[in-house]
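Student: The primary structure of each chain is shown beneath.
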Amino acid sequence: MQPDRRWRVVHFWLRRYLPPQRIEPTLGDLMEEHATRLDAGGRVRAAVWLARETLSLVLAYRAHTRATTGARRTRLDRLHADVIHAARGLRARPAAAGGMVGVLALGVGLTTAVFALADPFLFRPLPYAAPDRLVAIRLAADTGRLDAPAQGRDPRLEDLESRSDLFDAVAAYGERQDVRLSTPGGAMLLKTVRVSADFLDVLGARAHVAPDALDPGSPERRVIVKAGSQTASLQPGMLLPDHDGGHVRVAGMLASDFLFPIPRAASQPDALVPSRFGAMVTREPGRTMFVTAIARLRPEITPDAARAALRVQFGASAWSPTVQPLAALMRGTLRPLALGALGAAVLIMIVCAANVVNLVIARSAYRTREFATREALGASRGDLLRLIVVELGAIAVLGVAAGVGLAHVTLGVVTQVAPAEYVALGQPAITLRTGAFAMLLGIAVVLCGIVPAWIAWRPARSGRAYAARSSDARHVRTLRVLLVAGQSATAMILLVGGTLLARSHVNLWTQDYGFDPTVRVLSVRFPDEAPLMSEEVASVIERLGRLPGAVSAAATSGGTFLDDYTVLGGASIQVGGRHLLLAPRQVTPGFFTTAGTSMLAGRSLTPADRGWNALVVNEALASRLWPGRTPADVVGEIVAVGDGRTVGEIVGVVQNMHDRALDAPPPGVLFKPFETAASRFLPVHFVVRLGDGSDVETAARRAIAAVNPAAVVLSSGSLGERLAGTVSDRSFVTLILTLFAIAGVGVTASGLVGIVAFIGARRTREIAIRMALGARSRHVRVVVVREAVLAAAGGAVAGLVMGRWAGRLMEHHLYGISPGDIASLVMAGLAMLGVVGLAAWIPANRALKVSPADALRVE
Amino acid sequence: MASPAPLGEFELMVLMAALHLAGDGHGSAILEVLERRSGRRLSRGAVYITLDRLEEKGLLASRTSAGGPPSRGGRPKRLFRVTPAGTRAIKHSLGMLARMFRGLEPVLGEI
Chain F
1 MQPDRRWRVV
11 HFWLRRYLPP
21 QRIEPTLGDL
31 MEEHATRLDA
41 GGRVRAAVWL
51 ARETLSLVLA
61 YRAHTRATTG
71 ARRTRLDRLH
81 ADVIHAARGL
91 RARPAAAGGM
101 VGVLALGVGL
111 TTAVFALADP
121 FLFRPLPYAA
131 PDRLVAIRLA
141 ADTGRLDAPA
151 QGRDPRLEDL
161 ESRSDLFDAV
171 AAYGERQDVR
181 LSTPGGAMLL
191 KTVRVSADFL
201 DVLGARAHVA
211 PDALDPGSPE
221 RRVIVKAGSQ
231 TASLQPGMLL
241 PDHDGGHVRV
251 AGMLASDFLF
261 PIPRAASQPD
271 ALVPSRFGAM
281 VTREPGRTMF
291 VTAIARLRPE
301 ITPDAARAAL
311 RVQFGASAWS
321 PTVQPLAALM
331 RGTLRPLALG
341 ALGAAVLIMI
351 VCAANVVNLV
361 IARSAYRTRE
371 FATREALGAS
381 RGDLLRLIVV
391 ELGAIAVLGV
401 AAGVGLAHVT
411 LGVVTQVAPA
421 EYVALGQPAI
431 TLRTGAFAML
441 LGIAVVLCGI
451 VPAWIAWRPA
461 RSGRAYAARS
471 SDARHVRTLR
481 VLLVAGQSAT
491 AMILLVGGTL
501 LARSHVNLWT
511 QDYGFDPTVR
521 VLSVRFPDEA
531 PLMSEEVASV
541 IERLGRLPGA
551 VSAAATSGGT
561 FLDDYTVLGG
571 ASIQVGGRHL
581 LLAPRQVTPG
591 FFTTAGTSML
601 AGRSLTPADR
611 GWNALVVNEA
621 LASRLWPGRT
631 PADVVGEIVA
641 VGDGRTVGEI
651 VGVVQNMHDR
661 ALDAPPPGVL
671 FKPFETAASR
681 FLPVHFVVRL
691 GDGSDVETAA
701 RRAIAAVNPA
711 AVVLSSGSLG
721 ERLAGTVSDR
731 SFVTLILTLF
741 AIAGVGVTAS
751 GLVGIVAFIG
761 ARRTREIAIR
771 MALGARSRHV
781 RVVVVREAVL
791 AAAGGAVAGL
801 VMGRWAGRLM
811 EHHLYGISPG
821 DIASLVMAGL
831 AMLGVVGLAA
841 WIPANRALKV
851 SPADALRVE
Chain U
1 MASPAPLGEF
11 ELMVLMAALH
21 LAGDGHGSAI
31 LEVLERRSGR
41 RLSRGAVYIT
51 LDRLEEKGLL
61 ASRTSAGGPP
71 SRGGRPKRLF
81 RVTPAGTRAI
91 KHSLGMLARM
101 FRGLEPVLGE
111 I
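These protein sequence lines map, in sequence, to chains F and U.
Under my numbering, residues 1 to 859 are what the first sequence spells out, in order.
Under my numbering, residues 1 to 111 are what the second sequence spells out, in order.
Honestly, the hints are just simulated from the structure, not real lab data.
What you are looking at is a predicted structure, and each value in this text was computed from that prediction instead of being measured.
Note that beta-carbon positions come from the ideal geometry of N, C-alpha and C, so glycine has one too.
Mixed in with the good hints, there may be bad ones.
Going by beta-carbon spacing under 10 Å, a handful of chain U positions derived as facing chain F [said to hold, decoys possible]: (1) 27; (2) 45; (3) 52; (4) 62; (5) 69; (6) 73.
Beyond 10 Å from chain U on every Cβ pair, some chain F residues (computed) [stated by the list, open to error]: (7) 127; (8) 182; (9) 509; (10) 539; (11) 580.
Just need the whole structure built from these sequences, with the hints factored in.
Tutor: If you want it as structure tokens, here you go:
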């Protein structure tokens, strides 16, 4: 709150209740002490102190005025009395109050944290000006069609800009391009994207750039750099040498939270490079070409209308346009996932709310007498209803406050482990928006609780309070049973989902990867200008192999090994009259041993092997090319390469490697000796096997720099880490749903404990009489737990059936397991049974410890 | 002279706090002395109401200072002074307590 506004609020309240001559000195006292506390304890503490002191003054003077003038109690007075009464009630039963607040905090915390994560994908507008009017336009053409006569020219930006009937503005962007700079801190590789001059204007993005920074006509090369840790050493105006012998000017800085309008977080550029539209349309034989643009629609034009109009415009050419709202493109495939996660969180919230309501109803049984007395003393229905609302409100306020704190902590942890895609649209945090969402949840709980609580207290109103003391009214029992069954069913659905995902996760990580996950891998980009020679690679390998702690080192070409590059085209392989287009992977001698990949038959590649004379295939390719043959039979087979004049011999068969992604089927791979990199644009991956787990990171980087100072290490880590990155998406979903399942079951269990404890307390007299008459503990325990356990078991069975059905919705998240997997359902059912049994047994046991004499005397 | 009406425990504490400040105590200062010396957390509202009541009873007198420092937003202080009647009331209440205490030393010990 602004300082002036704060004191205006305080002044307002003092003026309302204090005598006029007291206002100014009292306000002065508060201001003086507030300033002291501000210096000593911080803003929040000082604000809390001020609120408390103001309230104390207002309440004291109000009570004083009322006592001296004999004024009637106002609504505010009654509300104040109810608040105090509710606070006392909660304080008098700290365990019950703590249970309710804790359960609510868990629900609010989890749901708010998920909302903060899901919000950018579901509700929050993109960080651009009027983002709902932005569309992504893509023009695609097959070069085969482009080469055909009479297909027209390549599109120009003017073709889109001229459509002022559709668009207010248009800008284009091109392919990713890496710019290598020499900075005072060493070589820096910037991932850049070519953009047209109006790009930032069309988006309406915040940036500190000169007006002509993106002018493609400028004689000097320019980059607009995104602020971040990697580019911290760059300043606007710097002129830096690049590795092409020229210079690049840093023409401006983008905000660190600038979001380039492409969906993949991994492809977010570090910088923008101004470019002419023509340079963004590249034509290479055999490729499908794309032109991508961002356009701001005229207010009255819809994306569908723009799409239809562009189809007509480009209908005669080889280019086919697609128009998609930018929000849909950016939110991409994560939108349904976000919706699912929020749905699961809301389920948890419902379970928590049901639990709180159930506990309120349970507490109400003790208070039917109090309500009857209040009614007899003249309390109206409105007074009783207000009391219910205030009590629920007090629980909700405390629950929401604790829940927001829990959400804050949860988000801190989740953002550390979440894949980049999940936080690409903005870092999730507790903001005014998420705080408002948490408050809405609290209000919803209060609203949901009013009706059941009112129904539960109804006996008091009908004058049957005393009769209601020893046994519940039927409607209260029905309500309680339904709530227990409902939350049990919801928890069961989550538990089934969590079990299926957890087992999928185990399947993923217990399979044979085809290599040793502890092996280190360094991905290196060598300079583009010269073809990479195998001697250079051999020199790096030799240095890496000599590092302290290294057992062996080897290398493989990029484009195929745990990177996001795709090799287009490849070599044509002929086997028995069949032609296959394969992108062979080049590996150095000793690669399989270093990576921990087993030879199934034959031998590995040796330094003597050259060109295509010796080849190794993996198991998947061997079974594809020679179905039904054993690996040993495949060794010695001859394949023809290209036009058939080159032949190669299969000298070995290796096991499959899950090197694309842990959850993707291993592709068929043909290995050939490393000679030159498959493409000068691709990285080379060096693998190092370490003997004692020692860290060779710094030494390895030095070894690479010693061979070629311009080489840039793109990434470094163990194969296991790289592999984990390929399933981080899946792991994250598993983690979230498992947390939900645990929370759901925990909340259900706590609810059951509360209900059984309540039933036990409610029937103390009955239990005492039964025991005094010689009933066995076993029988009495059944009396206490029967209702709750039957309700929970019924709900769990229903949840099991629904969980099996719900499992189909997440089929694509499962690995090596079907949605209806019986073992998972049984495991989930048994887990639920155990929790329900334990949750019922503990309080039931406590109820049996009652002394019959004491219980009867109290009654 | 008729003996003054007996003081409540809280009134006695407030009067004595004002006496400690020797006529230079405003609301916040009296509250601070009360909390420090009694070791209890007290409601500002209760203290301010009690000050008003004691002034109405003639046991305290107050005056408003001219202006105030910037830390108070220029607002004046309301300074309290214990009147002779207030001093008598304190003496009376303490005397009454002392008389009640007398003879209980073996039970309560030194206080």
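Student: All hints are to be evaluated individually against the structure, with a verdict given for each.
Tutor: How the hints compare with the structure:
no.: 1; hint: 27; result: holds (5 Å)
no.: 2; hint: 45; result: holds (3 Å)
no.: 3; hint: 52; result: holds (8 Å)
no.: 4; hint: 62; result: holds (9 Å)
no.: 5; hint: 69; result: holds (8 Å)
no.: 6; hint: 73; result: holds (5 Å)
no.: 7; hint: 127; result: holds (41 Å)
no.: 8; hint: 182; result: holds (56 Å)
no.: 9; hint: 509; result: holds (56 Å)
no.: 10; hint: 539; result: holds (73 Å)
no.: 11; hint: 580; result: holds (84 Å)
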